[in-house]
Amino acid sequence: MAKQALEGIRELYKLERKIKHRPPDKRRQWRQRYARPWLDKFHSWLQTCQAKTAPNSGLYKAITYTLNRWTALVCYLDDGRVPIDNNRAENAIRGVAVGRKNWLFAGSLAAGQRAAMVMSLLETAHANGHDPWVWLRDVLRRLPTWPNNRLNELLPWPENPFS
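Going by UniProt numbering, the sequence shown opens with residue 1, and the numbers climb by one from there.
Calculated directly from the structure, the hints in this document are not laboratory data.
Owing to the predicted nature of the structure, the values given are computational and were not obtained by experimental measurement.
Mixed in with the good hints, there may be bad ones.
[What the hints assert, rightly or not] Straight-line C-alpha distance at most 25 Å; calculated BS3-like pairs for lysine-lysine:
1. Lys18 x Lys3
2. Lys20 x Lys41
3. Lys3 x Lys26
4. Lys18 x Lys41
5. Lys3 x Lys41
6. Lys14 x Lys52
7. Lys3 x Lys61
[Stated by the list, open to error] Label pairs and their calculated CB-CB ranges:
8. Asn160 x Ser44: 18 to 28 Å
9. Ser44 x Gly107: 17 to 27 Å
10. Pro37 x Asn91: 42 to 52 Å
11. Pro147 x Asp79: 33 to 43 Å
12. Arg69 x Ala116: 36 to 46 Å
From the three backbone atoms N, C-alpha and C, an ideal C-beta is built for every residue, glycine too.
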């Protein structure tokens with residue numbers, strides 16, 4: 001059963017790669033035409049498999065997990081700007097997940113919270129096309145004399161230039 005599901009999902013990703021450079025409205029049209037029918041069949045297939053699977057098995061738990069999150073799973077079909085998965089977000093927080101145990105000893109709860117804020121800003125800089133360390137160095141250089149009412153200009157948004 002799992003092999004069938006994985007083969008179908010592999011096809012969705014293969015077809016998604018073909019349309020990734022198209023504009024969002026075209027991706028949405030394609031998804032509606034090709035991906036939605038397959039996902040509708042897949043949903044029915046999952047329900048059938050769930051009914052035939054032992055409730056205490058790992059497969060049953062995986063099927064139930066998928067069905068319980070179905071709305072979130074298929075939301076990408078209705079908006080061509082939404083990616084098929086959240087891999088980009090997962091990769092962005094990988095460093096946090098890897099270091100989680102090391103940071104239990106950040107010194108204090110406040111120190112851990114400050115570290116989390118800095119890491120969030122560094123990931124935001126990266127996501128917006130800035131070199132995070134260039135951004136941080138630039139902000140730290142400017143900060144001592146920067147007016148408080150203009151701090152938002154130092155945030156790593158795409159429109160804010162950094163040296």
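Going down the list of hints, with the structure as the test:
This hinted pair checks out: Lys18 and Lys3 have alpha carbons roughly 23 Å apart, not beyond 25 Å. In summary, the hint linking Lys20 to Lys41 is supported, as the alpha carbons are separated by about 24 Å, within the 25 Å threshold. Between the alpha carbons of Lys3 and Lys26 the distance comes to roughly 30 Å, so the proposed pair goes past 25 Å and is violated. This hinted pair checks out: Lys18 and Lys41 have alpha carbons roughly 22 Å apart, not beyond 25 Å.
Restraint check: the Cα-Cα separation between Lys3 and Lys41 comes to about 16 Å, which is no more than 25 Å; the hinted pair holds. Between Lys14 and Lys52 the alpha-carbon distance is near 30 Å, which puts this suggested pair outside the 25 Å criterion. Proposed proximity of Lys3 and Lys61 is supported: the alpha carbons are some 16 Å apart, at most 25 Å. Asn160 and Ser44 have their C-beta atoms about 49 Å apart, which leaves the hinted 18 to 28 Å range violated.
A hinted range of 17 to 27 Å is violated for the C-beta pair Ser44 and Gly107, which are about 53 Å apart. Separated by about 30 Å at the C-beta atoms, Pro37 and Asn91 break the suggested range of 42 to 52 Å. Here the CB-CB span from Pro147 to Asp79 is close to 39 Å, well matched to the stated 33 to 43 Å. Separated by about 26 Å at the C-beta atoms, Arg69 and Ala116 break the suggested range of 36 to 46 Å.
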